[in-house]
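If you're matching them up, the sequences are chains R, P and Z in order. Each residue of the first sequence is one higher than the one before, counting from 2 in my numbering. Each residue of the second sequence is one higher than the one before, counting from 20 in my numbering. Each residue of the third sequence is one higher than the one before, counting from 245 in my numbering.
What the hints contain is simulated information worked out from the structure, not anything from laboratory work. By construction, the Cβ of each residue, glycine as well, lies at the ideal position given by its N, Cα and C atoms. Don't take every hint at face value.
Said to hold, decoys possible - Derived DEER-like restraints, expressed as beta-carbon distance ranges:
| hint | chain 1 | residue 1 | chain 2 | residue 2 | range |
| --- | --- | --- | --- | --- | --- |
| 1 | Z | V446 | P | L152 | 44 to 54 Å |
| 2 | R | A348 | Z | L407 | 28 to 38 Å |
| 3 | Z | W309 | R | D32 | 12 to 22 Å |
| 4 | P | A56 | R | D261 | 47 to 57 Å |
| 5 | P | A56 | Z | F252 | 45 to 55 Å |
| 6 | P | A56 | Z | F352 | 18 to 28 Å |
| 7 | R | Q170 | Z | F352 | 52 to 62 Å |
To be verified - Dumping the calculated DSSO-like pairs for lysine-lysine here, alpha-carbon to alpha-carbon at most 27 Å:
| hint | chain 1 | residue 1 | chain 2 | residue 2 |
| --- | --- | --- | --- | --- |
| 8 | P | K100 | R | K263 |
| 9 | Z | K438 | Z | K451 |
| 10 | R | K197 | P | K220 |
| 11 | R | K500 | R | K265 |
| 12 | R | K28 | P | K220 |
| 13 | Z | K438 | P | K153 |
| 14 | R | K25 | P | K58 |
| 15 | P | K153 | R | K230 |
| 16 | R | K172 | P | K58 |
| 17 | P | K115 | R | K342 |
| 18 | P | K220 | R | K223 |
| 19 | R | K230 | P | K220 |
| 20 | P | K115 | R | K28 |
| 21 | R | K494 | P | K153 |
| 22 | R | K197 | P | K153 |
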Amino acid sequence: MKKLVLLALSLFLVLSFTVSAGAKTLKVGLDADPVSLDPQVQLSGGMLQLSHWVFDPLVRWTQELTFEPRLATKWERKDELTMRFYLRKGVKFHSGNTFSAKDVKWSFDRMRTSVDFKGLLEPFDGCYIIDDYTVDIKTKKPYALLLNMSTYFFAMDSEFYTGTDANGQPKDAIVKIGESFALNNESGTGPFVVTKREQGLVIEMERFKDYWDKNCPGNVTKFTLVPIKENATRVAALLSGDVDFISPVPPQDFRRVNSDDKVKLVTISGGRIITFQMNQNRVEALKDVRVRQAIVHAVNNAGIVQKIMKGTATVAAQQGPRGYAGYKETLKPRYDLKKAKALMREAGYANGFEITMMAPNNRYVNDAKIAEATAQMLGKIGIKVNLKTMPKAQYWNEFDARAADMMMIGWHSDTEDSGNFSEFLMMCENKETGYGQYNSGYCNPKVDELTIAAQSETDLDKRTAMLQEIEQILYDDAAFIPFHWQNHSYGAKKNLKVKEIINAMNFPYFGDLVVE
Amino acid sequence: MAVSKFGKIENHMFAFIIRRIIQALLVMMIISLVGFAIKNKIGDPVRDLVGERVTPGERAEIADNMGLNDPFLIQYVRFVKHAVKGDLGRSFLYNKPALEVIIKHAPATIELLIGSALIIILVSLPLGVYSALKPRSLLSRFTMSFSTLGVSMPVFFTAILLIYLFAVNLQVLPSYGRGETVDLFGNGYWNTGFLTIDGLKHLILPCISLSSIMLPLFIRLIRSEMMEVLETEYIKYAWAKGLSPARVWLIHAFKNTLLPVVTVFGVQMGLTFAFTILTELVFQWQGMGFMFLEAVQRADTSLLVAYLVVVGSVFVLVNTIVDILYGFINPTVRIAGTK
Amino acid sequence: MKTKLQKFKESYFLYAFKRDRVAMASFIVLVIFLILAITAPWISPMNPYDAENIDIMNSEIPPMWMADGSSEFILGTDNMGRDMLSTMFYGLRTSIIIGLGAVALQAFIGVVLGLSAGYLGGKTDAILMRIADIQFSFPYLIMAIFIAAIFQVAFGVGSYERLAVPLLTIIIGLSNWPIFARTIRASVMGEKNKEYVEAARVIGFPKFTIMFRHVLPNSLTSVMVIFTIQVASAVQSEAALSFLGFGMPVTRPSLGSLIRAGQEFIFSGSWWITIFPGLWLVIFVLVINLLGDWLRDVLNPKLYKG
């Protein structure tokens with residue numbers, strides 16, 4: 002018995018001394034952890050965040066939405082279809098291999114075989130090696146957003162991922178479910194090397210000693226990521242000092258995080274629009290533009306921003322936020338209950354009608370609460386709403402089936418450009434082309450025509466005019482209920498210089514983080 | 020004579036165990052069948068595996084490759100075939116064999132149960148015995164009314180109150196998670212929170228809130244059993260022999276109270292297990308209950324089915340053992356179901 | 245002949261009740277709760293299930309005695325702008341409907357199966373008790389979550405809102421009946437060989453008449469005690485299911501869903517969204533439990549140890 006006590010005691014001592022001084026450690030609590038170490042297995046925010054920590058793209062977004070050279074030092078347009086990238090020399094992978102043009106081509110080709118990225122790469126013709134440190138990337142048609150897309154081109158270590166693994170499976174296999182080499186092993190060029198990963202529990206990373214970017218101000222040597230799903234718990238962990246950084250911070254806790262003297266709140270406006278779509282194929286009344294206008298006028302989205310989002314979102318009246326090409330200054334939020342009631346009367350629905358509504362409850366910030374508030378707002382103009390909220394795993398199924406008369410959808414443009422919204426949300430649903438994949442029941446050929454034309458229009462003024470016209474049409478048609486653009490929110494200890502590393506895409510560049 | 024009687028019991032026991040195993044298998048079949056029948060209703064695991072941009076056609080292809088589009092019976096037979104070999108499928112969410120995921124989450128829950136069991140034992144024994152010996156004292160009355168209050172508090176509300184008080188206002192105890200853990204066997208399967216101060220601190224609030232539902236029940240049980248025993252001839256005889264009160268109460272009376280208490284304890288731990296789901300949710304405790312809710316939310320259907328099968332078998336197993344033990348301890352009880 | 249009322253007035257039951265202050269107090273509180281629940285639509289300051297009355301701009305107003313409180317909302321408002329007091333009245337109403345309904349269902353299933361098992365014996369007994377055993381061995385809460393998850397997805401969006409109350413009643417009813425069946429069976433086993441049953445059999449009454457008219461009334465005291473305790477447990481189950489998100493829809497919150505909704509706000513300072521409905525629920529369950537304890541002591545001190 003004594004021995005056991007001694008053993009336990011000495012174990013204690015050893016454990017308490019292992020935390021050495023000097024090293025800058027960073028412990029981050031996010032709402033979910035990345036599903037894999039393979040940057041090409043899933044196109045999701047979480048995976049892209051990880052890619053920026055462990056890998057490097059050709060170019061990346063800055064806070065001002067301009068492009069910053071990473072693995073490409075410069076680029077030039079060769080012709081309408083081709084962009085030439087000059088690659089950085091002297092870059093090492095985590096495995097020790099040297100980075101060169103073959104890795105860019107290899108990663109590009111592998112990406113095209115991934116179901117998640119296939120669609121994004123549709124406009125591309127291919128990647129061509131010019132010499133060891135030069136590549137040409139070609140598109141099939143003139144494509145205005147080639148550079149935007151290059152932020153997705155992370156270089157993987159072609160040598161490292163070639164061959165077969167212990168199970169006899171090719172190392173470059175992209176496997177969604179089941180073991181794969183890339184699931185548990187990585188070799189990128191990024192600032193952090195993964196040392197341990199336990200799905201759902203923790204990812205531990207250490208700074209890459211041979212990181213190419215010697216000008217990088219970041220000084221974090223050990224970086225741990227833990228998923229903390231529950232909002233309140235995540236905030237508690239930050240306040241108690243268990244973690245140094247959390248995201249997202251639930252709006253209801255902004256005040257508390259802000260008022261604490263050890264931590265601070267940092268927010269940045271993001272481009273994700275939250276909307277409800279009204280299905281005209283399911284409900285006759287919704288075909289009447291007056292009814293749709295009445296609904297939009299009944300929704301107090303400014304109130305939702307103020308009360309549910311606690312002021313940290315931007316009230317919206319259109320799809321793309323300010324700064325996007327299609328943004329039209331004159332489109333203003335429309336809440337006006339009197340007018341909404343008048344419109345309902347005018348349309349012959351003074352007594353209202355009954356509809357069904359669905360929304361996810363773990364996809365967007367406060368999604369279920371927004372839906373609940375909307376249901377109540379519509380109640381005021383006589384529309385009785387039967388609301389059901391559910392986890393996203395069930396919700397997307399229901400969305401595919403267009404199972405309710407009104408469905409919530411939030412969207413962040415993959416290309417940081419207005420066109421992407423209409424392509425997915427507002428163009429007539431077309432199973433063949435994939436357009437309107439997330440459009441439940443609105444169709445206007447004029448919108449389709451303009452969106453397609455804008456894709457290959459390289460005259461930027463003309464293109465802007467087209468995109469703005471789309472927003473105007475959607476506004477006049479009351480094609481959807483706009484709510485707001487979500488802000489990204491981060492809570493961190495005061496000694497972390499967070500402001501410098503965040504951006505509208507919600508990719509905090511922890512490699513550049515300075516801990517004082 | 021004695022030998023043959025013994026042999027008879029053994030035969031009996033053997034038949035009983037066989038019947039129990041058959042029954043257990045039947046239960047497993049039903050549970051897994053039901054689990055399988057509803058798994059498509061809970062959500063589409065493919066949606067959670069792919070990004071939102073992936074087209075329906077490609078999703079269907081993935082589902083095809085995973086065998087999710089096969090007819091129900093084919094899927095079920097495939098599951099049973101694998102299950103016989105100990106393979107309960109692969110969790111979509113954790114991307115590991117479902118059984119491994121469950122086993123890795125079990126220690127957290129088991130430690131939670133051990134912690135609350137300790138609290139229950141340490142608090143209910145002295146309080147129960149005391150209130151049986153001195154039913155009219157102030158402490159006894161207080162204990163009894165407090166225990167009724169305890170039964171009436173929902174576990175999750177107790178948990179929230181504890182967090183509000185100790186973690187938010189007083190800031191003396193952590194509010195979530197397991198804290199610092201030690202890998203007990205060095206193979207990553209059992210991370211224990213019992214060996215670090217931080218881990219123990221994290222155990223306090225969840226264990227208290229979990230035990231709060233069972234504690235009152237045991238105080239009452241021990242009290243009533245003890246009171247009953249004190250009335251028996253046996254104790255009266257002990258008094259008559261002139262034994263000291265301490266000896267009578269602690270050795271003679273208390274010993275006899277214990278047997279029924281232990282039996283109930285075994286049964287109630289099952290119910291406590293169910294309540295860990297609520298406790299683990301509030302405290303974000305990464306145990307089996309937390310995993311179960313996560314699996315429901317994320318439509319990890321194969322993990323869900325595996326969970327039901329594992330929990331079902333554990334319960335049948337525990338019940339069988341309890342019945343057998345009970346049969347041994349108390350031979351007057353006929354083994355259930357025999358005539 | 246004495247009338248029933250006279251009989252009741254002279255009974256030990258009433259005598260014991262009058263002597264026990266705790267029981268009387270609990271009974272009074274319970275009656276108040278019941279009245280509040282029944283009259284909720286008339287006495288509540290507003291109807292929290294009606295969108296017309298709810299304004300998001302009124303959300304998270306603290307109770308009236310606090311700094312930003314308003315006399316319009318005595319106990320403050322929740323995160324959607326519902327009046328807390330009204331929502332608690334309506335939530336209580338829902339809890340009571342579901343609780344009573346579920347236990348009635350449990351009792352019905354339990355009594356029918358318990359009676360049949362106990363009286364008929366043999367194979368019927370073995371099979372029925374086996375089923376009860378199996379279900380008993382599985383924690384009822386997991387059972388309820390399981391059934392709730394199935395029901396939630398099986399019904400479409402429009403109907404779920406309407407069907408939530410009956411569905412929850414059925415779920416909780418189905419998940420916890422064996423306790424009735426076992427108790428009834430045990431007491432039937434005790435009664436069935438008594439002389440009056442023999443006599444009835446000799447006279448030639450059919451089995452079911454004997455079971456329901458003669459054996460059942462003698463088991464009723466135990467049923468009554470269990471019924472009371474089970475109501476408390478059913479109300480808690482409903483709260484737990486709603487807390488987990490398998491219960492009442494968000495637009496018609498019950499006490500459990502209110503506590504859950506408020507949990508998110510406990511760190512931000514809006515404690516009243518959780519604490520008031522929580523205490524409300526605890527007091528309600530507590531008086532039922534106290535009455536149940538008292539009933540057990542009076543009617544059948546030996547029954548249901550622990």
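Status of each hint after checking the structure:
1. V446(Z) - L152(P): 44 to 54 Å: holds, 51 Å
2. A348(R) - L407(Z): 28 to 38 Å: Holds - the Cβ-Cβ distance for A348(R) and L407(Z), about 31 Å, lies within 28 to 38 Å.
3. W309(Z) - D32(R): 12 to 22 Å: Once the Cβ atoms are compared, 36 Å apart, the range 12 to 22 Å for D32(R) and W309(Z) is violated.
4. A56(P) - D261(R): 47 to 57 Å: holds, 49 Å
5. A56(P) - F252(Z): 45 to 55 Å: holds, 52 Å
6. A56(P) - F352(Z): 18 to 28 Å: Between A56(P) and F352(Z), where Cβ atoms are some 26 Å apart, the hint holds.
7. Q170(R) - F352(Z): 52 to 62 Å: holds, 58 Å
8. K100(P) - K263(R): violated, 56 Å
9. K438(Z) - K451(Z): OK: K438(Z) and K451(Z) at ~15 Å, within 27 Å.
10. K197(R) - K220(P): holds, 26 Å
11. K500(R) - K265(R): holds, 11 Å
12. K28(R) - K220(P): holds, 20 Å
13. K438(Z) - K153(P): Violated. K438(Z) to K153(P) sits at ~40 Å, over the 27 Å cutoff.
14. K25(R) - K58(P): With a Cα-Cα distance of about 46 Å, the restraint between K25(R) and K58(P) is violated, given a limit of 27 Å.
15. K153(P) - K230(R): The given pair, whose Cα atoms are some 49 Å apart, is violated under the 27 Å limit.
16. K172(R) - K58(P): This hinted pair is violated, its Cα atoms lying about 32 Å apart.
17. K115(P) - K342(R): violated, 55 Å
18. K220(P) - K223(R): holds, 25 Å
19. K230(R) - K220(P): Holds, because 21 Å separates the two Cα atoms, which is no more than 27 Å.
20. K115(P) - K28(R): Roughly 25 Å between the alpha carbons, so the hint for K115(P) and K28(R) holds.
21. K494(R) - K153(P): violated, 55 Å
22. K197(R) - K153(P): violated, 58 Å
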